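Engineer: Residue strings, one per chain:
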Amino acid sequence: MKILVAFKILPDDQDIRVAADGSLDFSKAKPIVSSYDANAMEEAAQLAKACGAEVVGITVGSSAIDDSKVKKNALSRGLDRLVMVADDTCDNLDSHATAAVLTQIAEKEAGWDLILCGDGSADNYAQQVDVQLAAALGAPSVNGVTSIKLQDGCIVCERALESSIETVEVSLPAVVSVTPSIAEARVPGMKDILAAGKKPVEALVLETDLSASVEVVSVKAPDQASRACEVLEAGEDRAIEKVAAAIRAAL
Amino acid sequence: MSYFLTEEQELIRESVREMAVNEIRPRVMEIYDVEKHEQFIRDMQKRFGELGVLGIIAPEVVGGSEMSLSALLAVQEEVAKECPELALHLMLQCAYTPALMLMPEVGMKWCPKVFSGEAIFAGTMTDPAGAMNHGEWSEGVVKVGDEFIINTTKNFCTAGDIADVLFVYVQYQGSMMGLVVEKDTPGVELSLDPTCGLTAGFTNISFTDVHVPESWTCDMSWWSKDGVPVMGTVGGPASTLTASVCNLGLMEGLFDRTVEHCKSRTIQGKPMIERSDIQAKLARIKVKIEALRAVLYDAARLSEEGKPNMELVHCAKVMANDLGAPVCYELVTLFGGLGFAVETGVERYYRDTLGLAIADCTTDMHLSSLAAQMGFPGAVNAAF
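Respectively, the protein sequence lines represent chains A and B.
Counting from 257, one number per residue, gives the positions in the first sequence under this note's numbering.
Counting from 24, one number per residue, gives the positions in the second sequence under this note's numbering.
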C-alpha cells in the first residue's frame, strides 16, 4: 500500500514581524512544516506501521524548500521518502495551482492508495487543496476526518460534526483531509532526525501550466487598536453604571 | 543557523525546544516541590529517553548516538530555558558514560536503562571538606579481598534521593577513585538537603560499610592524584561546558520571558518595550548572552576536534557564573513586584543561577585554574 501525504512548507508565524506600515517581514521566519499537515504525517505513519505501507511526502513551493534542513525536518516526521516540485514560479501558489502541481506529483507516484493532508494550511487555511486535488485525480474526497480505519479496499472515516459523529466508508484510492485531533504530531527524536538524512528525496521538474486564478494584491497586518485608559472613581455615585457604560461604548 | 551546529544538531535543538515548551513549562514548578519533584523528573527522564537525548554522546554499543558535545550543549540549552535543574540533570545522565564504560559490567547493565529513561543516575562527589579540596578528603574506602568497602558522606547530590544508581567519588590511597552503588544497597542513607534553588531534591548521602565489587570501581587518578586536582574542573571540558550552558539557557529563558512581558505590560498607556531605556537594557543583555554563547560553543568545538583549550573552558564558566546574577537582577526587576512573586515563576531564575555558579566549581576556583593554565607563577588548579 502507498500513502501520499501532501504538506506545505511555510514561514514559522512566531517569527513573522509586522512593519510600521503593516506589511509583513518574513526574513527571520524559518520554514517549517504546516502544523496541520504534521498531524496528517503522523496519522500516515501510524497507518503505515499497522499495514506495512510506504509513506511518501509530496509538496510544492519555491526553490527555498529544496533546502537540506527543511527536507530533513519533513522526513523526520514519519515519511519514507519525499517528492517535491521546488520552483520559484511556485512561490505563494493559490489553492488551484497548488492542487494542479500536486496532481502532477501524484500521477507520477502511480499506484497510490490514499492521499492525506491537513484540512487547511496553517497560514491561509483555505481548505481547498484537498477537494481540488481529489477532483483533478478523479478520486473521492472526505474532509474533516478525525479517525481512519483501513479495511479491504476501503477506509472507514469518522467526521466530527457539530452535534454528531458521521461515519463514512470510502473506496480507495481516495483523498482525505484530517483534523489535528486525528494524531498528535510527533516531536522528532534523535533516531528520526539521524535517519532523515538518509531517506530518498526526488525533486521533479515543473510540468504543470500555472495560470493564477487569484491575484494577491497585498498582505497586511490589521491595525492595532491603541490601549484605552479611562479612570473612574469607585466612590462616585452610580460608579458601576458608569463602568458598564464605558465598556459598552468601547466594544 | 549557528556556525557551531550542524543541521541535525539544529533539528534536535528544535525538537527539544518543542518538548520543553509543551511539556516542561506547564509543570516546571513541580521541581521545587518536595512532594512532586520525583515524579516530574521521572516523567521528563522518560521523555528524554524517548527522544533519544540521554545517550546523545554515548557509544552506540550501550544505546547511545555518538553525537558531539555541541549537540548535548544545544539540547541542554533548550531545556535550561525552561528548567535549569533539568538541564543539569540531563548532563549528569550523559556525562558519566565514559567513566561507566571503564567498568564494562556496569556500563552494559545501566547505560541502556538510563538512556532509555527507565532509570536515573546520580553522581555523588561533594565531600564535606569541599568538592575540590582533595588534600583534605579523608580516605573514603578500603579494599578487602576483591571488594571495596565505602565509609564516607557526600553532600549536594542532585537527584540523589531518586536515583537508581550512584557514582561515588572517594579518595583511595591519595588518589581519586569511582565506585558504582545501586540504590537500596545496605549502608546507604539519604536525607534531603534543602537549597535556595534549582530543585527540592538535593541530597546528603552517607555510606556506612557499603560493599562494592572491584569490577564496579574505576581509577580516577587522571582527575585527582595525591590530593591534588589534576584538571582544575570537576570533570574536564565536557563537565565544565555542560554546567556553563545551563546558565546560558537560564539567562536566555528569562530574557525571552522578559521581552514578552515588556511587549504586553504598559507604562502610561504604552508598552514598556517602546521605551528606549528598556530597549537599550535588553540589547545590552543580548550582547552578553551572545558573547557567552560564542565562547562556550567555540570551546566545545575545539574539544570535539581533539584540541581542547582549557583556558577557553575556564573562561566560559567564569563568564557564565559572573553574568548569571547581574543579568537575572536586571531582567527580574523589569517585572516589578510580579518578578518577586513565586507564583509567576520569574524569581526562580535568580535563585537557580546561584546554584549553577557553584556547580562544577565557582568563579574563584576557575580563575585560579585559569591562572595555572596561563602559567602564572605559583598558580594552582582549583586553589579554593
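Just so you know, these hints were derived from the structure itself, not from any lab.
Because the structure is a prediction, the values reported are computed rather than measured.
Heads up, the beta-carbon is just placed ideally off N, CA and C, and yes, glycines get one too.
Treat the hints with caution; some may be incorrect.
Taking lysine-lysine and the DSS-like style, the derived pairs with C-alpha atoms no more than 27 Å apart in a straight line are [to be verified]:
id, chain 1, residue 1, chain 2, residue 2
1, A, Lys286, A, Lys498
2, A, Lys498, B, Lys293
3, A, Lys305, B, Lys69
4, B, Lys248, A, Lys284
5, B, Lys293, A, Lys284
6, B, Lys59, A, Lys286
7, A, Lys284, B, Lys304
8, B, Lys136, A, Lys305
9, B, Lys309, A, Lys284
10, A, Lys476, A, Lys305
11, B, Lys136, A, Lys286
12, B, Lys286, A, Lys476
13, A, Lys476, B, Lys293
14, A, Lys447, B, Lys132
15, B, Lys69, B, Lys59
16, A, Lys284, A, Lys476
17, B, Lys166, B, Lys248
18, A, Lys286, B, Lys309
19, B, Lys59, A, Lys447
20, B, Lys286, A, Lys447
21, A, Lys284, B, Lys311
Calculated Cβ distances over 10 Å to all of chain A for the following chain B residues [said to hold, decoys possible]:
id, residue
22, Glu30
23, Met42
24, Asn45
25, Glu58
26, Val165
27, Phe179
28, Thr208
29, Trp239
30, Ile301
31, Ala317
32, Glu328
33, Leu335
34, Ala348
35, Ile381
36, Met397
Engineer: Now look at each hint and say whether the structure bears it out.
Structural biologist: Evaluated hints:
1. A:Lys286 with A:Lys498: At roughly 48 Å apart (the allowed maximum being 27 Å), lysine 498 of chain A and lysine 286 of chain A break the hint.
2. A:Lys498 with B:Lys293: Measuring from Cα to Cα gives roughly 25 Å; hence the hint holds.
3. A:Lys305 with B:Lys69: Between lysine 305 of chain A and lysine 69 of chain B the Cα gap is close to 23 Å, so the pair holds against 27 Å.
4. B:Lys248 with A:Lys284: 51 Å, violated
5. B:Lys293 with A:Lys284: Distance ~26 Å between lysine 293 of chain B and lysine 284 of chain A Cα, so the pair holds.
6. B:Lys59 with A:Lys286: Violated, at about 37 Å.
7. A:Lys284 with B:Lys304: 22 Å, holds
8. B:Lys136 with A:Lys305: Since the Cα atoms of lysine 136 of chain B and lysine 305 of chain A sit roughly 26 Å apart, the hinted pair holds (cutoff 27 Å).
9. B:Lys309 with A:Lys284: The given pair, whose Cα atoms are some 17 Å apart, holds under the 27 Å limit.
10. A:Lys476 with A:Lys305: 43 Å, violated
11. B:Lys136 with A:Lys286: Violated, because 36 Å separates the two Cα atoms, which is more than 27 Å.
12. B:Lys286 with A:Lys476: 20 Å, holds
13. A:Lys476 with B:Lys293: Status holds; Cα separation ~23 Å.
14. A:Lys447 with B:Lys132: 22 Å, holds
15. B:Lys69 with B:Lys59: 16 Å, holds
16. A:Lys284 with A:Lys476: Status holds; Cα separation ~17 Å.
17. B:Lys166 with B:Lys248: Judged against 27 Å, a Cα distance of about 18 Å means the pair holds.
18. A:Lys286 with B:Lys309: Holds, at about 21 Å.
19. B:Lys59 with A:Lys447: 31 Å, violated
20. B:Lys286 with A:Lys447: 38 Å, violated
21. A:Lys284 with B:Lys311: 21 Å, holds
22. Glu30: With a cut-off of 10 Å, glutamate 30 of chain B comes too close to chain A, as the shortest Cβ separation is near 4 Å.
23. Met42: Since the minimum Cβ distance to chain A is about 5 Å, methionine 42 of chain B lies within 10 Å and the statement is violated.
24. Asn45: The claim is violated: asparagine 45 of chain B sits with its nearest Cβ about 8 Å from chain A, within 10 Å.
25. Glu58: 28 Å, holds
26. Val165: Holds, because the least Cβ-Cβ distance between valine 165 of chain B and chain A comes to about 42 Å, which exceeds 10 Å.
27. Phe179: 31 Å, holds
28. Thr208: Threonine 208 of chain B clear of chain A: closest Cβ-Cβ about 32 Å, beyond 10 Å.
29. Trp239: 29 Å, holds
30. Ile301: The assertion about isoleucine 301 of chain B holds, with a minimum of 17 Å to chain A.
31. Ala317: At about 20 Å from chain A, alanine 317 of chain B clears the 10 Å cut-off, so the statement holds.
32. Glu328: 21 Å, holds
33. Leu335: Fine: 28 Å to the nearest Cβ keeps leucine 335 of chain B off the interface.
34. Ala348: 30 Å, holds
35. Ile381: Holds, because the least Cβ-Cβ distance between isoleucine 381 of chain B and chain A comes to about 31 Å, which exceeds 10 Å.
36. Met397: Non-interface label on methionine 397 of chain B holds, nearest chain A Cβ at 38 Å vs cutoff 10 Å.
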